[in-house]
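Residue numbers (this note's numbering), protein chains in the order written: chain P, 38 to 421; chain C, 38 to 421.
Simulated from the structure, these hints should not be mistaken for lab results.
Since we're looking at a predicted model, the values are computed, not measured.
Be aware that one or more of the hints could be misleading.
Repeated chains share a single entry, so a pair holds when one copy, or any two copies, can fit it.
When the alpha-carbon atoms are kept at most 30 Å apart in a straight line, the in silico DSSO-like pairs for lysine-lysine are as follows [to be verified]:
(1) 65 to 40
(2) 218 to 158
(3) 61 to 200
(4) 117 to 218
2 protein chains.
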Amino acid sequence: MNKFTFQNTTKVHFGEGQISKISKEIPKDARVMMIYGGGSIKTNGLYNTISKVFASRTWYEFSGIEANPQYQTLMEAVEKVKLKRIDYLLAVGGGSVIDGAKFIAAAACYQGDDPWDILSKQQKVESALPMGCVLTLPATGSETNTGSVVTRDKNKLGFLSPKVRPRFAILDPSTTLSLSKRQIGNGVVDAFVHTMEQYLTYPVNAKVQDRFAEGLLMTLMEEGPVALVDQDNLETRGNIMWSATMALNGLIGSGVPQDWTTHMIGHELTGLFNIDHARSLSIVLPAVMQFRRIEKQQKILQYAVRVLNIRSGDSERVIDEAIRMTKQFFIDMGLPTSLADVDLGKEAIETILTSLESHGMTALGERSDIGITNSREILEIALY
Amino acid sequence: MNKFTFQNTTKVHFGEGQISKISKEIPKDARVMMIYGGGSIKTNGLYNTISKVFASRTWYEFSGIEANPQYQTLMEAVEKVKLKRIDYLLAVGGGSVIDGAKFIAAAACYQGDDPWDILSKQQKVESALPMGCVLTLPATGSETNTGSVVTRDKNKLGFLSPKVRPRFAILDPSTTLSLSKRQIGNGVVDAFVHTMEQYLTYPVNAKVQDRFAEGLLMTLMEEGPVALVDQDNLETRGNIMWSATMALNGLIGSGVPQDWTTHMIGHELTGLFNIDHARSLSIVLPAVMQFRRIEKQQKILQYAVRVLNIRSGDSERVIDEAIRMTKQFFIDMGLPTSLADVDLGKEAIETILTSLESHGMTALGERSDIGITNSREILEIALY
Numbered sequence: 038m039n040k041f042t043f044q045n046t047t048k049v050h051f052g053e054g055q056i057s058k059i060s061k062e063i064p065k066d067a068r069v070m071m072i073y074g075g076g077s078i079k080t081n082g083l084y085n086t087i088s089k090v091f092a093s094r095t096w097y098e099f100s101g102i103e104a105n106p107q108y109q110t111l112m113e114a115v116e117k118v119k120l121k122r123i124d125y126l127l128a129v130g131g132g133s134v135i136d137g138a139k140f141i142a143a144a145a146c147y148q149g150d151d152p153w154d155i156l157s158k159q160q161k162v163e164s165a166l167p168m169g170c171v172l173t174l175p176a177t178g179s180e181t182n183t184g185s186v187v188t189r190d191k192n193k194l195g196f197l198s199p200k201v202r203p204r205f206a207i208l209d210p211s212t213t214l215s216l217s218k219r220q221i222g223n224g225v226v227d228a229f230v231h232t233m234e235q236y237l238t239y240p241v242n243a244k245v246q247d248r249f250a251e252g253l254l255m256t257l258m259e260e261g262p263v264a265l266v267d268q269d270n271l272e273t274r275g276n277i278m279w280s281a282t283m284a285l286n287g288l289i290g291s292g293v294p295q296d297w298t299t300h301m302i303g304h305e306l307t308g309l310f311n312i313d314h315a316r317s318l319s320i321v322l323p324a325v326m327q328f329r330r331i332e333k334q335q336k337i338l339q340y341a342v343r344v345l346n347i348r349s350g351d352s353e354r355v356i357d358e359a360i361r362m363t364k365q366f367f368i369d370m371g372l373p374t375s376l377a378d379v380d381l382g383k384e385a386i387e388t389i390l391t392s393l394e395s396h397g398m399t400a401l402g403e404r405s406d407i408g409i410t411n412s413r414e415i416l417e418i419a420l421y
Numbered sequence: 038m039n040k041f042t043f044q045n046t047t048k049v050h051f052g053e054g055q056i057s058k059i060s061k062e063i064p065k066d067a068r069v070m071m072i073y074g075g076g077s078i079k080t081n082g083l084y085n086t087i088s089k090v091f092a093s094r095t096w097y098e099f100s101g102i103e104a105n106p107q108y109q110t111l112m113e114a115v116e117k118v119k120l121k122r123i124d125y126l127l128a129v130g131g132g133s134v135i136d137g138a139k140f141i142a143a144a145a146c147y148q149g150d151d152p153w154d155i156l157s158k159q160q161k162v163e164s165a166l167p168m169g170c171v172l173t174l175p176a177t178g179s180e181t182n183t184g185s186v187v188t189r190d191k192n193k194l195g196f197l198s199p200k201v202r203p204r205f206a207i208l209d210p211s212t213t214l215s216l217s218k219r220q221i222g223n224g225v226v227d228a229f230v231h232t233m234e235q236y237l238t239y240p241v242n243a244k245v246q247d248r249f250a251e252g253l254l255m256t257l258m259e260e261g262p263v264a265l266v267d268q269d270n271l272e273t274r275g276n277i278m279w280s281a282t283m284a285l286n287g288l289i290g291s292g293v294p295q296d297w298t299t300h301m302i303g304h305e306l307t308g309l310f311n312i313d314h315a316r317s318l319s320i321v322l323p324a325v326m327q328f329r330r331i332e333k334q335q336k337i338l339q340y341a342v343r344v345l346n347i348r349s350g351d352s353e354r355v356i357d358e359a360i361r362m363t364k365q366f367f368i369d370m371g372l373p374t375s376l377a378d379v380d381l382g383k384e385a386i387e388t389i390l391t392s393l394e395s396h397g398m399t400a401l402g403e404r405s406d407i408g409i410t411n412s413r414e415i416l417e418i419a420l421y
């Protein structure tokens with residue numbers, strides 16, 4: 038196991054009815070801004086519930102955060118924060134809304150010339166507004182971590198800061214019951230790929246991290262398909278929700294190598310062609326596994342036995358089967374597994390590579406040895 | 038999965054050489070008291086290392102914290118804290134030293150008449166000195182949790198408070214290389230039993246918690262025996278250390294029923310007969326499994342398949358085999374599995390029961406239905 042520092046201070050309130058805890062978590066005299074997306078919280082009752090909790094408080098709202106939150110929209114929110122002298126943010130939604138709120142929290146306190154520098158120049162976040170969140174779409178893990186990804190034009194860029202980690206997160210599985218099948222599938226696969234990117238590298242004898250990662254992968258593979266057919270199953274939703282949080286709260290990635298190649302190439306697919314985040318991952322991951330089947334052999338074989346229960350066959354066949362079963366899981370969840378599945382062809386590859394290069398993504402992988410040429414090979418594997 | 042609130046704020050610095058981080062974690066102007074046990078840190082070099090880190094600081098020390106920290110000793114430390122106007126504690130040792138430091142931290146700030154009330158009357162801890170710790174004996178999980186157990190005469194009592202959770206914990210596996218085989222065995226079994234007590238109850242479909250618990254059990258079963266024979270294996274020590282922390286940091290116990298029967302009966306064995314904590318657990322747990330084999334059937338069977346890899350046999354035989362293998366693991370780690378193994382006979386049972394009753398331990402188990410009569414049956418099973 039490698040050396041590491043791990044801390045996650047977010048207080049999680051998990052379970053039905055935990056929404057009432059926001060009243061205790063946010064100071065009574067705070068000037069709160071509730072931040073949300075397209076308004077689904079108005080149809081599923083969540084908006085009303087929170088309004089009631091906030092009845093005697095000073096609060097405002099800002100809606101319209103997009104999937105892949107847009108810089109321009111977030112800067113409008115920053116304006117409102119300043120105008121209304123907001124001092125606490127409550128994000129209500131999925132990863133995009135929470136990521137957006139994190140950027141708003143940092144940008145509102147930014148002392149430099151241009152808050153875009155937080156993303157484009159990775160300027161350190163010295164302070165940020167405190168924030169909490171109510172998660173409605175388990176997927177990104179943003180609810181307890183320090184990361185945020187923001188899009189401006191065709192640039193999808195991220196930043197990390199402990200200053201924007203939510204103080205608290207409400208995880209009520211019942212808020213996820215109104216999700217569409219597409220949202221469920223995307224969320225499960227996003228969490229699955231997060232786990233794989235911290236797991237499928239090379240072994241460093243980190244037994245706890247490996248077993249925890251395998252536990253999350255098995256849970257997502259078991260519960261994901263159940264959620265699609267048994268749409269009122271609250272226990273299944275709960276297991277998915279907790280898996281998604283644990284998949285990217287820093288724990289399983291502590292002390293182990295990580296390979297975020299899939300995410301980095303995926304971000305370009307989203308930025309350039311507006312492919313849903315999770316769908317970019319389900320296209321790229323199997324190709325990364327195939328391209329790195331030798332370098333990742335030991336961990337792919339471990340994954341094959343422990344997670345997929347593949348018990349026989351020589352190494353090459355086991356790896357083939359592991360990749361096939363991973364793809365099949367994505368297909369079962371309703372996601373694409375090739376560029377062709379999203380109507381992209383060979384001509385898209387050069388565009389993606391140019392964009393990767395312009396974002397400095399020229400040394401990806403757990404050994405930083407995946408350059409542009411390698412990314413081209415990965416994308417060629419991902420074609421069909 | 039049940040409703041829960043989970044938060045663990047301790048910052049963990051894991052790995053060789055992480056000891057230097059205490060310099061950043063403890064404010065420069067703090068008046069520090071280093072708290073330790075019998076002086077093994079003087080022979081293994083740790084005392085010197087910390088002294089160097091503290092060279093230009095105001096610091097004092099208090100040594101002599103016992104295994105099962107004694108109230109009288111801790112109150113002497115409280116005296117010294119007040120005399121020297123200490124405002125930060127650094128515990129250096131295993132669970133006993135850290136538990137002791139937690140009580141010192143709380144007692145030094147206690148506003149009531151008698152700090153013993155924190156334990157005997159479960160008086161709420163309103164404030165406590167900040168503390169950090171350097172763990173040298175992985176076992177109790179005290180390094181990142183809110184619990185502390187203190188002994189006064191024959192009473193071994195605990196308290197919980199977020200105020201005494203260590204601000205930071207240094208986990209350097211190399212500090213554990215000088216442990217005796219008895220300490221290694223005790224530590225591994227302690228962590229194993231902690232995990233079992235949060236796992237072996239009844240199913241609530243908490244898949245992540247179950248799989249995480251199973252991952253810890255498997256890791257401890259694999260790495261424990263290795264640590265006994267391959268005493269310089271730092272990777273093995275690291276896996277044990279991280280397992281022990283994760284076994285009792287609140288995570289695997291969130292959202293699931295818990296059964297602390299083994300610990301509660303075990304505490305009496307320690308208080309009355311001075312049996313090492315872990316050795317009291319290895320005696321009691323198999324008897325609890327046997328006594329509760331019907332009520333715990335589903336989870337014992339799950340444990341048998343997933344952790345012990347028992348693949349055939351009817352339920353009764355599988356449960357027998359699971360209990361046998363659990364005992365064998367304890368024996369392999371050098372621990373006793375019966376009262377007879379520690380030279381206690383039938384006559385001890387009534388003494389234990391009287392003590393249990395006097396401590397109010399009359400409704401143990403995940404359903405609070407293990408009364409004194411049931412504890413007698415458990416102890417009778419544990420006789421041989």
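To see whether the hints hold, each was checked on the structure:
Only between protomers do residue 65 and residue 40 lie at most 30 Å apart by alpha-carbon distance; the minimum there is 25 Å, versus 41 Å within a single protomer. Proximity of residue 218 and residue 158 under a CA criterion of 30 Å is satisfied in neither setting, with 37 Å inside one chain copy and 53 Å between copies. In the homo-oligomer, the alpha carbons of residue 61 and residue 200 lie at most 30 Å apart both inside one protomer (21 Å) and across protomers (18 Å), since each shortest distance falls under that limit. For the identical chains of this complex, residue 117 and residue 218 are neighbours neither inside a copy (34 Å) nor across copies (63 Å), given an alpha-carbon limit of 30 Å.
Of the numbered hints listed earlier, those contradicted by the structure are 2 and 4.
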